[in-house]
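Chains as they are written, first to last, in this note's numbering: chain E, 58 to 173; chain X, 5 to 118.
Some hints here could point you the wrong way.
Said to hold, decoys possible - Stretches of chain E that chain X covers, calculated by requiring three or more beta carbons in the stretch to come under 8 Å of a beta carbon on chain X:
hint: 1; region: 102-112
hint: 2; region: 144-153
Claimed, not checked - Label-pair ranges, simulated between beta-carbon atoms:
hint: 3; chain 1: E; residue 1: N134; chain 2: X; residue 2: T22; range: 43 to 51 Å
hint: 4; chain 1: E; residue 1: T77; chain 2: X; residue 2: A20; range: 41 to 49 Å
hint: 5; chain 1: E; residue 1: P65; chain 2: X; residue 2: T22; range: 26 to 34 Å
hint: 6; chain 1: X; residue 1: T64; chain 2: E; residue 2: I69; range: 41 to 49 Å
hint: 7; chain 1: X; residue 1: Q73; chain 2: E; residue 2: Q75; range: 43 to 51 Å
Stated by the list, open to error - Chain E residues, not near chain X, derived (Cβ > 12 Å throughout):
hint: 8; residue: Q74
hint: 9; residue: T77
hint: 10; residue: R79
hint: 11; residue: S84
hint: 12; residue: G85
hint: 13; residue: Q94
hint: 14; residue: G97
hint: 15; residue: P119
hint: 16; residue: S122
hint: 17; residue: F126
hint: 18; residue: E132
hint: 19; residue: N136
hint: 20; residue: F163
Just so you know, the hints here were simulated from the structure itself, not pulled from any lab data. Positions of the beta carbon are idealized from the N, C-alpha and C atoms, including for glycine.
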Amino acid sequence: ETGVTQSPTHLIKTRGQQVTLRCSSQSGHNTVSWYQQALGQGPQFIFQYYREEENGRGNFPPRFSGLQFPNYSSELNVNALELDDSALYLCASSPAPSYSLYNEQFFGPGTRLTVL
Amino acid sequence: AQTVTQSQPEMSVQEAETVTLSCTYDTSESDYYLFWYKQPPSRQMILVIRQEAYKQQNATENRFSVNFQKAAKSFSLKISDSQLGDAAMYFCAYRSENGQNFVFGPGTRLSVLP
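Build out the structure end to end from the sequences listed, making use of the hints.
Right under this line is the structure:
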């Protein structure tokens with residue numbers, strides 16, 4: 058167990074809807090990253106937050122957005138859902154800034170999103 | 005942009021034997037970090053081992069070791085004395101020095117045969 062939790066475990070939405078996924082980091086972890094893992098593939102980096110500010114982003118459109126809160130929780134929001142958004146969404150928290158040598162990521166179990 | 009390639013979609017090994025998983029990457033950066041992660045059926049990604057690119061010495065963690073060849077951009081994982089609990093998806097990952105880009109390979113599914 059990494060101490061990182063995600064909710065919900067599973068979620069079913071229809072195309073065009075909006076979804077919010079939640080992550081609770083370990084206490085003291087001020088960096089959180091989100092990943093999309095399509096079935097049978099490796100995780101793809103969506104973005105990263107450090108002290109409530111986005112400080113890195115992968116190749117994802119603006120309809121993927123996030124928030125990080127002072128209580129070590131964070132959200133991933135996806136607007137205008139598309140069928141290809143169906144995937145496992147992972148969050149990972151770290152006790153150190155992204156540029157730190159010791160930026161080891163601790164992953165949550167993920168949220169399985171299905172878009173119909 | 006950095007890329008990570010794992011050319012073995014599936015591998016199998018007998019219990020107690022040794023197996024090597026391959027990983028190659030492409031980058032123009034000189035300093036970066038490389039990782040091997042394990043993802044069992046429970047889905048929770050677990051860090052197996054990491055290597056700083058500026059270190060020539062290969063990292064070792066108990067039964068897990070790497071062969072890091074910086075010039076060849078190769079980063080293979082060796083698992084010695086394989087155990088049934090080692091069965092999982094293994095992902096090779098690259099992290100840029102500034103930590104703002106993290107790239108995973110497509111993974112290798114490892115089966116351990118009793």
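Status of each hint after checking the structure:
no., hint, in the structure
1, 102-112, "holds (count 3)"
2, 144-153, "holds (count 3)"
3, E:N134 with X:T22: 43 to 51 Å, "45 Å, holds"
4, E:T77 with X:A20: 41 to 49 Å, "47 Å, holds"
5, E:P65 with X:T22: 26 to 34 Å, "41 Å, violated"
6, X:T64 with E:I69: 41 to 49 Å, "44 Å, holds"
7, X:Q73 with E:Q75: 43 to 51 Å, "46 Å, holds"
8, Q74, "24 Å, holds"
9, T77, "20 Å, holds"
10, R79, "16 Å, holds"
11, S84, "19 Å, holds"
12, G85, "17 Å, holds"
13, Q94, "8 Å, violated"
14, G97, "8 Å, violated"
15, P119, "18 Å, holds"
16, S122, "17 Å, holds"
17, F126, "21 Å, holds"
18, E132, "20 Å, holds"
19, N136, "24 Å, holds"
20, F163, "8 Å, violated"
Figure legend: structure checked against the earlier numbered hints; hints not met, in rising order: 5, 13, 14 and 20.
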